[in-house]
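Now for the letters of each chain:
6 protein chains.
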Amino acid sequence: MPAERSEPTYLYSDEQVAAKSPLARTFLETRSRLNTIVNDADNYLVKRFYNIDHNTYLEGAIPAKYKELMGLVVSAGLRCDDCINYHIIQSFRLGATREEQEESLNVALVVGGSIVIPHLRRAYAMLAELYS
Amino acid sequence: MPAERSEPTYLYSDEQVAAKSPLARTFLETRSRLNTIVNDADNYLVKRFYNIDHNTYLEGAIPAKYKELMGLVVSAGLRCDDCINYHIIQSFRLGATREEQEESLNVALVVGGSIVIPHLRRAYAMLAELYS
Amino acid sequence: MPAERSEPTYLYSDEQVAAKSPLARTFLETRSRLNTIVNDADNYLVKRFYNIDHNTYLEGAIPAKYKELMGLVVSAGLRCDDCINYHIIQSFRLGATREEQEESLNVALVVGGSIVIPHLRRAYAMLAELYS
Amino acid sequence: MPAERSEPTYLYSDEQVAAKSPLARTFLETRSRLNTIVNDADNYLVKRFYNIDHNTYLEGAIPAKYKELMGLVVSAGLRCDDCINYHIIQSFRLGATREEQEESLNVALVVGGSIVIPHLRRAYAMLAELYS
Amino acid sequence: MPAERSEPTYLYSDEQVAAKSPLARTFLETRSRLNTIVNDADNYLVKRFYNIDHNTYLEGAIPAKYKELMGLVVSAGLRCDDCINYHIIQSFRLGATREEQEESLNVALVVGGSIVIPHLRRAYAMLAELYS
Amino acid sequence: MPAERSEPTYLYSDEQVAAKSPLARTFLETRSRLNTIVNDADNYLVKRFYNIDHNTYLEGAIPAKYKELMGLVVSAGLRCDDCINYHIIQSFRLGATREEQEESLNVALVVGGSIVIPHLRRAYAMLAELYS
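Protein chains in written order, with our numbering: chain A, 4 to 135; chain B, 4 to 135; chain C, 4 to 135; chain D, 4 to 135; chain E, 4 to 135; chain F, 4 to 135.
Calculated from the structure, these hints are not laboratory results. Remember, it's a predicted structure, so these values are computed and weren't measured experimentally. It is possible that some hints are incorrect.
To be verified - The calculated DSSO-like cross-link candidates involving lysine-lysine, where the alpha carbons are at most 27 angstroms apart (straight line), are:
1. 50(B) / 50(E)
2. 50(A) / 50(D)
3. 23(F) / 50(C)
Based on the provided sequences and hints, a complete structural model is requested.
Structure representation (structure tokens):
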């Protein structure tokens with residue numbers, strides 16, 4: 004039986020997130036529009052990858068909130084703005100505090116160095132909107 | 004006042020870890036030997052960086068155990084064997100279960116892709132020793 | 004005698020590609036405008052690098068079409084949008100089918116992980132235009 | 004129906020490869036030993052990832068040989084020695100010529116730059132054994 | 004006593020740079036706006052990291068101008084546009100000639116390969132404005 | 004006329020470096036052995052890349068010593084041990100002081116973050132031998 008197993012309970016919907024943060028809205032709408040194009044292509048391996056990706060962040064031995072924050076850390080370490088935006092929003096939806104988001108970004112900053120800073124700046128802009 | 008603030012309480016010393024895992028022993032001894040060379044150089048900025056690095060993983064809004072697991076995820080995502088070894092050991096010393104370590108590595112695998120697999124294999128070899 | 008040796012035969016010109024895909028047009032025009040600036044600088048090593056880069060994708064033991072698809076895979080794995088756009092267009096001009104493009108992107112997705120997904124989405128948007 | 008669909012036909016077994024190249028033997032034995040440790044852990048998501056990874060390189064719109072060479076290019080571009088070794092061996096087993104392997108590595112060298120060279124050197128050492 | 008020790012003397016202010024180059028102006032204004040958001044968050048570790056980052060580029064055994072050009076090389080090698088813009092501007096402010104900037108970018112191009120080229124193009128666009 | 008133009012004058016031969024540092028000797032001998040294998044393959048594009056690589060570090064607007072130190076910074080930022088070893092040795096041969104080498108590594112450490120530290124440790128081990 005896999006450790007990862009149940010869907011997390013979100014405190015906020017994507018719509019509520021978008022209502023709170025214009026930056027989140029822009030990101031979510033662009034992502035949704037492009038995902039429609041990918042879904043229309045109906046590529047078998049892509050769908051399987053999306054499925055495994057989804058299962059990675061379920062509640063398990065590690066709570067989903069911390070998994071999303073882990074996703075944030077590695078996304079910032081690998082300097083992927085879209086991934087950073089996504090995991091900030093997911094962490095927010097799962098109740099992560101601003102302090103937890105910042106501490107996660109600190110791990111990425113120290114591990115990944117000053118090249119993370121441009122991404123950190125954009126991350127803080129979204130945090131400022133979400134936690135205002 | 005910074006969120007990061009207090010030293011975590013380790014359940015095991017480095018010596019206990021080394022006694023349990025030959026792979027951990029080799030890593031810790033090599034790291035210790037090379038750190039002595041770095042410390043002898045007494046470079047001001049390196050010492051400051053080591054200090055900020057240390058402070059990143061203190062107990063804070065996020066428990067130290069999860070921060071070390073975050074360090075593991077980003078290290079595996081960035082494919083740094085020494086960093087992976089270090090954070091596996093630190094997480095172990097802070098009481099992380101094997102299941103928590105594996106779920107963390109799963110985040111890194113899915114985010115970072117199959118190029119993470121060679122590092123995953125070596126990580127599992129150390130996990131097998133530590134959690135035997 | 005080098006293995007790489009003859010210019011490939013393109014089925015479409017850049018102009019035909021731009022006429023088919025607004026995303027390709029924007030990319031090609033921006034690239035052309037900036038390349039003019041680079042060319043005006045007339046830097047000796049840059050010119051030599053551009054030359055070696057050009058020769059890498061000639062017909063050889065491996066057909067040029069597959070080399071361009073290889074360029075697509077490594078560009079997606081290294082997460083370079085401009086490079087992805089370029090190699091999708093070149094592969095299209097050499098007669099690659101949409102299925103071949105998608106299978107190439109699948110290699111990049113599985114090797115490079117979910118951080119490739121934002122680039123995959125944008126790639127699929129261009130594919131949808133080129134192969135409509 | 005997925006584009007990727009049938010197992011490729013290998014011209015050589017792993018054993019035949021190992022008999023031809025001591026470097027390949029060392030790689031294959033280490034990989035096999037560590038994969039046993041990973042398999043023993045029986046992690047659900049890892050197994051699914053291994054499965055999707057396997058399916059990526061099946062015969063499809065693109066012949067399996069070229070997919071393995073694509074795997075070689077992206078592995079070299081991402082500078083993963085184990086992955087390079089693996090895809091050189093797989094390409095060899097599927098009948099890739101030495102010239103095809105070198106042209107693939109050229110794409111990686113030009114895309115990835117001189118930091119690829121240390122990996123290129125080690126790749127050539129294995130090629131020299133396999134194609135002697 | 005640290006090797007790095009004194010503030011460099013800038014030949015131009017940020018304002019003079021912005022007056023000369025519209026691209027630099029856009030970059031500097033965006034950076035300034037986002038840095039205000041980061042500063043408002045008043046994160047202790049971020050502030051310490053910014054401080055150590057600042058100290059890295061002071062006059063020392065290596066003149067500050069060459070350190071900024073080193074920052075340019077590693078930023079281009081790591082493909083970070085914001086970092087490239089920043090170090091081009093800093094090098095310009097410290098009197099680096101266009102030829103020195105181009106030679107630095109050449110090191111990054113050859114070390115980092117053709118995936119650096121899109122960043123090189125954008126760098127040359129700023130160089131063309133700054134050195135016109 | 005290219006900016007890069009004349010061969011630098013080395014203060015030490017590779018043999019003198021190897022006599023001073025066992026770590027450098029091991030690196031140089033392995034590199035030489037593998038380069039022989041690459042040279043025997045006589046690949047046209049590889050030879051051209053090696054040639055352009057050589058020309059990048061010639062005396063020019065930027066002195067060769069600083070170019071080698073730049074190569075060190077970007078190699079450490081990209082975490083390539085062989086490249087780090089090579090540029091430390093080249094910088095040493097061109098008269099770089101230990102302090103200059105350490106300041107260069109500091110740029111890489113701050114730009115690239117704590118994942119650079121394992122490489123920094125090994126770099127310091129070679130520096131300790133070369134500058135003893």
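Which of the numbered hints are not met once you compare them with the structure shown? Of the numbered hints given earlier, the structure breaks just one, which is hint 3.
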